[in-house]
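Student: Below, each chain spelled out in residue letters.
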Amino acid sequence: MDNLTLLMEGFSNALTLQNLLFALIGVLLGTAVGVLPGIGPAMTVALLLPLTYALDVTGSLIMFAGIYYGGMYGGSTTSILLNTPGESSSVVTALEGNKMAKAGRGAQALATAAIGSFVAGTLATGALVFVAPFVVAIAIGLGAPSYFAMMVFAFVAVSTVLGSSRIRGLASLFIGLTIGLVGLDGTTGQPRLTFGQPLLSGGIDVVVIAVALFAVGEALWIAAHLRHGTPATIPVGVPWMGRDDWKRSWKPWLRGTVIGFPFGAIPAGGAEIPTFLSYVAEKKLSKHPEQFGHGAIEGVAGPEAANNASAAGTLVPLLTLGLPTTATAAVMIAAFNQYGIHPGPLLFQTEPVLVWTLIASLFIGNTLLLALNLPLAPLWAKLLRIPRPYLYAGILFFATLGAYAAGMQTFNILILLLLGALGYMARRFGFPVLPIIVGAILGPEMERQLRRSLQISAGDPAALLSEPLAVVVYAVIVLFLVGPPLVKALRRRFGRGGPTEGPRSGGGSSDDNDGYSADTESTVQFDAFGTQTSDGSARVIRVVRPRAGRRGK
Amino acid sequence: MTAPSTEAASGLRARLQGRSELGVAALLAGIAMVIAVDTANIRHTAINAGVMGPQVVPTIIAIGLGLCAIALAISVLRGGHADAEDGEDIDLSQKAHWPTVFGLGGLILVFALSMDFLGFVIGSALLFYGSALLLGSRRFVWALVIGILLAVGTFYGFVLGLGINLPAGLLTGIL
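Keeping their order, the protein sequence lines are chains A and B.
Mapping of the first sequence onto the UniProt record's numbering: residues 1 to 553, in sequence order.
Mapping of the second sequence onto the UniProt record's numbering: residues 1 to 175, in sequence order.
Just chain A, same shape as in the assembly (with noise of 0.2 Å):
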């Protein structure tokens, strides 16, 4: 196999002394930094981007695959110990795994995390060798039509799909893409919303976007908020699982590998659905469905093996078509721009030594993390009691630091600011930050494409529907927008009670498998312009707000 050898080949660049050495140096810190409460995955990389920035190329991607195994692995370690993760994908770690935690099977419910990452990310990768040249030899033999149909189908799905709310999804979108229209038109070198302000011209560098919205607006809004005095952590010693632990968290471990990756791979990324799937699955197919809502140990496995599989998954649409589906993605986007790397299916070809390399390094980060993090627990869970003052200020400052170095402006903290206080407003209304990242970075892009492929065309719109792909890419957009609404519409017109029950009827885990989070439907029907665009929202409201009873107020 040749992908084989060219895996080998990027295993023997990789496993140099100093190689070795930032691997380990990126997953302590990745590690470290992503149990670190309030911190997910996307601001542990955005934070520790500028370490990143001396080294040379091979390096600094080696020890970013550390720090994006290890602050993930990190993350889940806090939503086990600490409960409420901040971060979506964790949500469902959480519900078992605290309860774990509290009945005293902390360390058992840490150790199937970390295994179950550990096999779920190295099988994961292991498909992600072979998925990956396979998309390269379709990618490659694509026109700009195609491209454009599939950005604005990663547009639609994080905007649309993932969140909550449709309009606020799409409101962040279209922020997204402002941020990404400031600076010289890559084409005609027009300045566009620069306002005359030189430093602008660039464009606004795409760490500063990911620091200021990940970091200081979530450093801002924790900060309006903070809980007084630190949540009570759950003492831990080091991870071990039992017998019956093993036989009960194997087959979860691997049944949340198959749901985790493909859902990874489709450019509509996002581990909340495949997370969520496995809960359920598992659920489902346990012999102790009572023990689930009590620390079952299956409903950590099970979740933290598909969270972990789907991130390998993003990688697929990542590096062979330069499509972001996370923010973590996202903000590896930036940190291959840095070196002028732009991940597509050219870069197979004209990178192949850095992408196998990248992707070795992958398996050695996942193996140098398991080793690790099993001995090193306790004290990760020492870390989560780090007093909130120092915590938040400490990421303030780091985030400046990443916002300063990333140019060496000043100008840059001013815009991390105003970015900052972006960020902020979403968390506030509930506007999702991940459309925001994703349309700054995809945007640019995006106008490439649809230049290109109206150039070709000299102008004539068809032209976008010019390519097969495309035609079947823009048909899956229109059953993503239309179908879960209609589902429900016809569900509450022919399968249930009648009008009078609404939506509020639907719940349960066959209404959940439409791709809304089970918590957020509650608030849902309030919106008419949210998930459910249907006649029956607008009389709900009215049923759930009486107008008389708030003019009484």
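Hint data in this document are derived by calculation from the structure and do not stem from the laboratory.
Treat the hints with caution; some may be incorrect.
[Said to hold, decoys possible] Facing chain B, a subset of chain A residues (Cβ under 8 Å, in silico):
(1) 24
(2) 170
(3) 171
(4) 221
(5) 224
(6) 235
(7) 417
(8) 429
(9) 451
Keep in mind the model is a prediction, meaning the values are calculated, not measured.
Glycine included, each C-beta is placed from N, C-alpha and C at the ideal position.
Once you have looked at the hints, place chain B on chain A.
Tutor: Positioned in the frame of chain A, the structure of chain B alone reads:
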């Protein structure tokens, strides 16, 4: 005839109460206007005359933002809302503490503006110290010590470890 009108007015007020998200809709509309004006001012040159000039995409974005603003405003007025983000250290039961938020924003602003004069070490140590105090730390000496250690450590870490020179400012020659 006065009774219904006052009732309507108080109804309007009740409707506006707790609808601060309308401000977001206004902001979206404002950004749309800025883009529209900026795009209208793009000079028409020979280069622009290609199939698709630099105005097309900004125009689409401006229209999209405008539509989002309108739809959001209608949605909010009809009672739509999304949940604010929750997290480990967030207590949503208390109201936003604005002095802390604006204090932190001010500190970052001061840090940015004084960077060339004070230099990285003094500025960032003050940023950390001020932020920690604003966030409720009452260990006045400890917080300062940590801030200084962090700033000096980062400075030397960048210079020696990464080869990146951060501005020394007032401490030029000392560090």
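Student: A separate judgement is required for each hint: does it hold in the structure or not?
Tutor: Tested hints:
Proximity of residue 24 of chain A to chain B is violated relative to the hint, the smallest CB-CB distance being about 16 Å (cut-off 8 Å). Among the interface hints, the one on residue 170 of chain A holds; its C-beta lies about 6 Å from the nearest C-beta in chain B, closer than the 8 Å criterion. Because the closest C-beta pair between residue 171 of chain A and chain B is about 4 Å apart, less than 8 Å, the hint holds. Satisfaction of the interface hint for residue 221 of chain A is found here, the shortest Cβ-Cβ separation to chain B being roughly 7 Å, below the 8 Å cut-off.
With a least beta-carbon distance of about 4 Å to chain B, the hint placing residue 224 of chain A at the interface is held under the 8 Å criterion. The interface hint given for residue 235 of chain A is violated, since its Cβ lies 17 Å from the closest Cβ of chain B, which is over the 8 Å cut-off. Against a cut-off of 8 Å between C-beta atoms, the interface hint on residue 417 of chain A holds, since the closest Cβ of chain B lies about 5 Å away. Checking residue 429 of chain A against chain B: minimum C-beta separation of about 5 Å stays under 8 Å; hint holds.
About 5 Å separates the beta-carbon of residue 451 of chain A from the nearest beta-carbon of chain B, less than 8 Å, and the hint is met.
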